[in-house]
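The hints should help you fit chains E and C onto chain F, whose structure is shown.
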Amino acid sequence: MSEGTRQQPQNPFGQPIKGVSLWTDAWRRLKKNRMAIGGLVLVTLYSLLSLLAPLLPIHSYKHQVLSHQYLPPSLTMSAGQLLCAREEERLLDAAKNSGRPSLNDEEKEELARFTQTIENETMVFDGRTVSIHRNRYLLGTDALGRDLLARIIYGGQVSIAIGLVGTLTAVLIGLIIGALAGYLGGTFDYISMRVVDVMYGLPYMLLVIIFMAIFGRNVINLFLCLALVSWLTLSRVVRGQIISLKNSEFVQAARVVGATTGRIVFRHLVPNTLGVVAVFTTLQIPSFILMESFLSYLGLGVQAPLASWGSLVRDGVDGMNNYPWMLFFPGLAMTVFLFSMNFLGDGLRDALDPQSKNRL
Amino acid sequence: MQNEALLRVENLKTYFSTDDGIVKAVDGVSFSLNKGETLGIVGESGCGKSVMNLSVMRLIPSPPGKIMDGDILFHGKSILGMSADELRTLRGNKISMIFQDPMTSLNPFLKISTQLVETLRLHQGLSTGQAREKAIQMLRRVGIPNPEKRIDAYPHQFSGGMRQRVMISMALSCNPEILIADEPTTALDVTIQAQILEIIKDLTATLGTAVILITHDLGVVSGMCKRICVMYAGRIVERADTDDLFREAKHPYTRGLIQSVPRIDKVTQRRLYSIPGTPPNLINIPDCCPFHPRCEHAMDVCRRTYPAETDFGNGHSVSCWLPVDAPQKRGGSGGIE
Amino acid sequence: MTKYIIRRFLGLIPTLFIIITLSFFIIRIAPGGPFSEERAIPKQVLDNIEKRYHLDESLLKQYGRYVLDVLRGDLGPSFRYKDYDVNHYIGISLPNSMVLGLISLTLAILLGIGTGLVSATRQNSTLDYLSMSVAVIGISIPLFVVGPVLMYVFAMKLNLLPTSGWIMSGDSWKTMLMPVLTLALPYFAYIARLSRASILEVLRSDYVRTARAKGLSESVIMIKHVLKGALLPVVSYLGPAFAHIVTGSIVVETIFRVPGLGRHFIQSALNRDYTLIMGTVIVYSAILLIMNFIVDIVYGFMDPRISYR
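Residue numbers (this note's numbering), protein chains in the order written: chain F, 1176 to 1535; chain E, 52 to 388; chain C, 388 to 696.
You may find that some hints are simply not true.
Below, simulated DSS-like cross-link-like pairs (lysine-lysine); rule was C-alpha separation at most 27 Å, straight line [stated by the list, open to error]:
| # | chain 1 | residue 1 | chain 2 | residue 2 |
| --- | --- | --- | --- | --- |
| 1 | E | Lys162 | E | Lys145 |
| 2 | E | Lys64 | E | Lys117 |
| 3 | F | Lys1206 | E | Lys117 |
| 4 | C | Lys615 | E | Lys162 |
| 5 | C | Lys611 | E | Lys185 |
| 6 | E | Lys277 | E | Lys64 |
| 7 | E | Lys117 | F | Lys1207 |
| 8 | E | Lys128 | E | Lys145 |
| 9 | F | Lys1271 | F | Lys1283 |
| 10 | E | Lys162 | C | Lys390 |
| 11 | E | Lys200 | C | Lys611 |
| 12 | E | Lys162 | E | Lys200 |
| 13 | E | Lys252 | E | Lys145 |
| 14 | E | Lys200 | C | Lys615 |
| 15 | C | Lys611 | E | Lys162 |
| 16 | E | Lys145 | C | Lys611 |
| 17 | E | Lys200 | C | Lys561 |
| 18 | E | Lys277 | E | Lys252 |
Here are a few chain E residues that sit away from chain F, every Cβ distance over 10 Å (derived from the structure) [claimed, not checked]:
| # | residue |
| --- | --- |
| 19 | Leu177 |
| 20 | His267 |
| 21 | Arg354 |
| 22 | Gly364 |
Estimated spans, in silico, between C-beta atoms of each pair [said to hold, decoys possible]:
| # | chain 1 | residue 1 | chain 2 | residue 2 | range |
| --- | --- | --- | --- | --- | --- |
| 23 | E | Pro112 | F | Leu1359 | 36 to 44 Å |
| 24 | C | Ser520 | E | Met133 | 34 to 42 Å |
| 25 | F | Gly1437 | C | Val622 | 51 to 59 Å |
| 26 | C | Ser520 | F | Thr1362 | 45 to 53 Å |
| 27 | F | Gly1391 | C | Thr389 | 43 to 51 Å |
| 28 | E | Gly211 | F | Arg1209 | 39 to 47 Å |
| 29 | E | Leu258 | C | Val607 | 24 to 32 Å |
| 30 | E | Met119 | F | Thr1219 | 38 to 46 Å |
| 31 | E | Ser325 | F | Thr1435 | 37 to 45 Å |
| 32 | F | Gly1415 | E | Leu258 | 53 to 61 Å |
Hint data in this document are derived by calculation from the structure and do not stem from the laboratory.
Beta carbons: idealized from backbone N, C-alpha and C, even for Gly.
Excised from the complex, chain F in its bound form:
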C-alpha cells in the first residue's frame, strides 16, 4: 500500500508501472541468457586485452630471438631452463648412443659451460639490455623465437580491428543503400537490387583473392574488398524493414509537417531498424574476421611483421607435427572469440525479437 516515498509509481492493483524502452527491455532479456552473457564477458576481455596490449607485461611480438625458436609452452620453466634441459637431453642421447647410461665428465663440463653462457647472455632491444634467457614463454615460441602469447594478443588486435572497422564500413554502405532503396523505391531501388542480385551470383571470394593477388596485399585493399562484398545482406534486410515501416503513421505525420526525404529516412526510419542492424553487426564481425583470416592463411592478407590470427594459424600448420602448440593456441584463441561473438549475437537477436520465446 502507499507509504512514504516509493521507488516506482503503482497502479490501483499494486503493480509497479514502469515504462520500458526497447533497449531496456532487450537488456533485461539478454541478462537472463547465460550463454550470451558469457559471450559478452569473453568478448570484452578480448577487447580489453587488445586495447591495452602495449601496456601489458608481455614480451614483444616482433623481436626475434633465434636461439629461442620452437620452445614449447611452459608455466614454470624459463627459456634458459628449457634450453638447458634440451641440451642435457641431447647430450644424454649422444651418450646412450655410445653405450653409456649417463654423462661422463667431459659432457658434464660442456653442459655446465652451456648453462653458464645461458645465464649471462644478453641482447639489446630498443636500447635496453635484457637477459633474454630469463624469459618465460607461457604459450611457447614460433619459428623465429617470438613469443606466441604476445603474437596472439597482437594478432587479435589486428583481427578484431579489421573485423570491427570492416563491419562498420559494410554496415554504413548497406544501411544507406538499403534505406534509400526501400524508401525511394522506383529506379534506384530496382537498380540497386539488381546489383545486389548479380553480386550474390558471383563467387566473390574468388574475385577478392584475384584482387588481392593483383593489386597488392595491404590492409587497405583488404578492407575495401571485404567491405564491398559484405554489405549485400544488410541492405536487403534494411530495405525490407523500411518498406514495411514506410507507410506507418509516424512517417505520414513527418511528411505532413514538411520533413525532407533525408530527414525522414535518417531521423525516423533508420533508428527503427537499429535492432536488426545491431544483430547483423554482431554476427558479421566474426564473419569478417573469418574472411580476413582465410585470406591471411592463404598468404594474401596481412603481411609480416604484422600478424593476424589467420597468419598465425598458417605458420602453425607448417610446423604442426613437431610443434603443435603453434597451431593449437592461435586456433583456440580465435575459435573462442568467434563463438563468444556468435553466442552474443544470438542472444541479442533473441532479446530484441522476443517472439521466439514466450509466445502465447
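Same frame as chain F, but now just chains E and C:
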C-alpha cells in the same frame, strides 16, 4: 429437455508462466453448454476468452501455459483426463474449432482438398474418393461456387471470406456435436461478416450442432446466441439469457459495453461513450475485483476481495459487490431503451 | 510455373555476361599479363596467345571473339604452361572438386536437417542444448583450424587416416573422410540451426494449431504439415551455401592435397596465370548460376504461393 449438459466447464484455471511473472489468463471459469444451444462469450481483447476455449480442446502450448485447476466434462467424461488417442478422436470430430484469421489458419502449402480430405479420412474412415465427394458437398453447402474445381486450389487463391467458409466446412465436415468459433468474423470485412454468421447459424441449426461463439462484438452475439457470458480479466463477470442481458445488465462492465455500442436510432448530441481506463495487466494480479479501477461504483470491498456470484434466477447471475437495487449513477440504466 | 522458370533462367544471362566481360578486361589490364609491358613470359606461350587473341584486330572484335569462345566452351591457353590450355587443367581438376563439394554438402544437409528436427522436437532438453552448442562451435571454428587439427589427431598422432591422396586418383576411400568432414562441418552447423529455428516457428503457427484442432497425430502433422514449410529457408540457403563451399574447398584442398580446382587457384593467382584464373572464375560462376537456378526451381515447386501466381 436435457438433464445433462453436453459440455460443462468447472472452475477452470489456465495460467502462463512468463519472464515477468504468472499470467492468470483464465482464473476460475465455469459454464455449461447444452445440446444444440448457441452460447456467446463476450469480452475485450486479452480477457481470456480464446485461452478458455483453447483449454477446452487442450490446445494450450504447454510450456508456458498450463491448466492448473478445474475440469472440463464432455458428456460427463473429463477431457483433462483423456489419453492422447482419446483426445485426437475428440478433436475435429466431436468438438471442432474455427479460428479468427483464416489467412494464417489454413496451411498455405497444401491444397484445400488435402486439408479437407484428411479430416474426413481420419475420423470417418472414408476412402479418398468418398472423402473428396463429401468435401465437395460441404463446400457447396457453405456457398463456395464451383466447388469441384475450387477444391484443388491453394488457400492463397481464395479471398478472406471464402477462406473462412472453407474453414467452416472443414470444421463441420465430421458433424461435430460442438463448434467453437473463436472470433470468426473479426478479421473480415463488415459486409462479409453477416454472410459468414448466416452460414454458421444455418448450418449448425441443420446439423444440430451446439455453438460457442467468442467475440468482442455485442452486435454479433445478440443476433445469434441464446445465452451470453461476459468475461473480464480471466473470469466470467455476468451470465444471462441474451434478452435478459440486454434488458437488465447488472454488472457495471456489461452496462458499459452495451452503452458503448453506437446507436443510429438514438439522436444524441453527447460524445460516444467508452469505458474509461484500460484492461488490467494480468501478471501477478492481486485478489480483488479486476474491474474496480474503471468502475464508477467501486467500493472498498471491491479492492480487497473478488466478488461472490449472485444468482438472480432464470440463469442470470453476476459477480459484483453492488447491492441488487443500488441506484444507478450516470449513464442511465445501461439497458436498451 | 513455366513462366517462372523462364524468368529465372533469363536472369542468369546478365550475370554471366558481366563475368565474361570482367574476365576479358582483367586479362588485359592486370599487371604482369602478356598485354602489359613486362613480357616475362616464355616465347612459346606468347606466340600461342598472339595467335589466339588476334591482337591485331580491334578491341571490340577481340571481345566478341572471346565471348564466343567462352560460350563454346573454349577458355583459351594458359599463361604459364605452354603445352596445355586452360580447358585441360580445369578438366582434370574440376571433377575432384565437384565430388568433394557435393558429398560434403549432401552430408551437411542430411545431418543438419536431422539434427535440427531432433532439437526442435525436444526443445530445451539437454540434447537440444548440446547439439545447438556444437552447432555454434561449428560455425565459429574456421576451416583452416579444423582441417589441420583433424589431420594432426587422426593422421599424425593416431595414424588412422592418410594425410593426403584422393579416392579418384585411385587411393583408398579413407582419403575422403577428413576433407569431407572438414568441409561439411560449418554447413551442417548452419543448417542444423536454421532447420531448428524454422521448424519451431512453423510448430507455433496458426495452421499447425488448426491441424492439431482437427485431431491429427503429431507425426502426421510433422511430416505433412510442418516439414514442407519449414524446409523452405533451408532450400533458400542452399544457393549461398554453394557459393561458400566453393571458397571453402580451396582451403580444404590445400590442406589435404586434394587435386581439385581450388588448389591450383591460389598458385595461379600468385603466378598471374590470368587465363587460368579467369577461366576458373567463369567455370565456378557458371556452376553457381546453374545451382542457384535449380534451387530457385525447387523452391518454386515447394512454395505454391510463388509459382501459381
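Each hint tested on the structure:
1. Restraint check for lysine 162 of chain E and lysine 145 of chain E: satisfied, since their Cα atoms lie roughly 24 Å apart, inside the 27 Å limit.
2. A distance of roughly 8 Å separates the Cα atoms of lysine 64 of chain E and lysine 117 of chain E; the hinted pair therefore holds under the 27 Å criterion.
3. Simply put, lysine 1206 of chain F and lysine 117 of chain E have alpha-carbon atoms about 26 Å apart, close enough for the 27 Å limit, and the pair holds.
4. Between lysine 615 of chain C and lysine 162 of chain E the alpha-carbon distance is near 13 Å, which keeps this suggested pair within the 27 Å criterion.
5. A threshold of 27 Å between alpha carbons decides the hint, and for lysine 611 of chain C with lysine 185 of chain E the separation of about 22 Å falls inside it, so the pair holds.
6. A threshold of 27 Å between alpha carbons decides the hint, and for lysine 277 of chain E with lysine 64 of chain E the separation of about 25 Å falls inside it, so the pair holds.
7. A distance of roughly 23 Å separates the Cα atoms of lysine 117 of chain E and lysine 1207 of chain F; the hinted pair therefore holds under the 27 Å criterion.
8. As the CA atoms of lysine 128 of chain E and lysine 145 of chain E are separated by approximately 13 Å, the hinted pair is consistent with the 27 Å bound.
9. Taken as a hint, the lysine 1271 of chain F and lysine 1283 of chain F pair is honoured in the structure, with Cα atoms around 14 Å apart against an allowance of 27 Å.
10. At roughly 21 Å between alpha-carbon atoms, lysine 162 of chain E and lysine 390 of chain C fall within 27 Å of each other, so this suggested pair holds.
11. Restraint check for lysine 200 of chain E and lysine 611 of chain C: satisfied, since their Cα atoms lie roughly 23 Å apart, inside the 27 Å limit.
12. Distance restraint check for lysine 162 of chain E and lysine 200 of chain E: the Cα-Cα separation of roughly 12 Å lies within the 27 Å cut-off, and the hinted pair is therefore satisfied.
13. Of the supplied pair hints, the one linking lysine 252 of chain E and lysine 145 of chain E holds, its CA atoms being roughly 18 Å apart against a limit of 27 Å.
14. Among the hinted pairs, lysine 200 of chain E with lysine 615 of chain C is consistent with the structure: their alpha-carbon atoms are about 24 Å apart, no more than 27 Å.
15. Under the criterion of a C-alpha separation no larger than 27 Å, the hint pairing lysine 611 of chain C with lysine 162 of chain E is consistent with the structure, at around 12 Å.
16. At most 27 Å may separate the alpha-carbon atoms for a hinted pair to count; lysine 145 of chain E and lysine 611 of chain C meet this at roughly 23 Å.
17. Proposed proximity of lysine 200 of chain E and lysine 561 of chain C is contradicted: the alpha carbons are some 56 Å apart, above 27 Å.
18. Distance hint between lysine 277 of chain E and lysine 252 of chain E is fulfilled; the C-alpha atoms sit about 12 Å from each other, no more than 27 Å.
19. Taking the minimum C-beta to C-beta distance to chain F, about 36 Å, the non-interface status of leucine 177 of chain E holds against the 10 Å cut.
20. With 10 Å as the threshold on Cβ separation, the claim that histidine 267 of chain E sits away from chain F holds: the shortest Cβ distance comes to roughly 18 Å.
21. Some Cβ of chain F comes within 10 Å of the Cβ of arginine 354 of chain E; the nearest lies about 8 Å off, and the non-interface call is violated.
22. Every Cβ of chain F is farther than 10 Å from the Cβ of glycine 364 of chain E; the closest lies at roughly 33 Å, confirming the non-interface assignment.
23. Proline 112 of chain E and leucine 1359 of chain F have their C-beta atoms about 42 Å apart, which keeps the hinted 36 to 44 Å range intact.
24. About 38 Å separates the C-beta atoms of serine 520 of chain C and methionine 133 of chain E, a value consistent with the hinted range of 34 to 42 Å.
25. A C-beta distance of roughly 39 Å is found between glycine 1437 of chain F and valine 622 of chain C, which places it outside the suggested range of 51 to 59 Å.
26. For the pair serine 520 of chain C and threonine 1362 of chain F, the supplied restraint of 45 to 53 Å holds, since their beta-carbon distance comes to about 47 Å.
27. At about 49 Å, the beta-carbon gap between glycine 1391 of chain F and threonine 389 of chain C stays in the expected band of 43 to 51 Å.
28. Roughly 44 Å separates the CB atoms of glycine 211 of chain E and arginine 1209 of chain F, a value that falls within the hinted 39 to 47 Å.
29. Between leucine 258 of chain E and valine 607 of chain C the CB atoms are about 26 Å apart, so this pair conforms to the stated range of 24 to 32 Å.
30. About 42 Å separates the C-beta atoms of methionine 119 of chain E and threonine 1219 of chain F, a value consistent with the hinted range of 38 to 46 Å.
31. The hint said 37 to 45 Å for the Cβ distance between serine 325 of chain E and threonine 1435 of chain F, and at roughly 38 Å that hint holds.
32. The hinted window of 53 to 61 Å between glycine 1415 of chain F and leucine 258 of chain E is violated, with their beta carbons roughly 46 Å apart.
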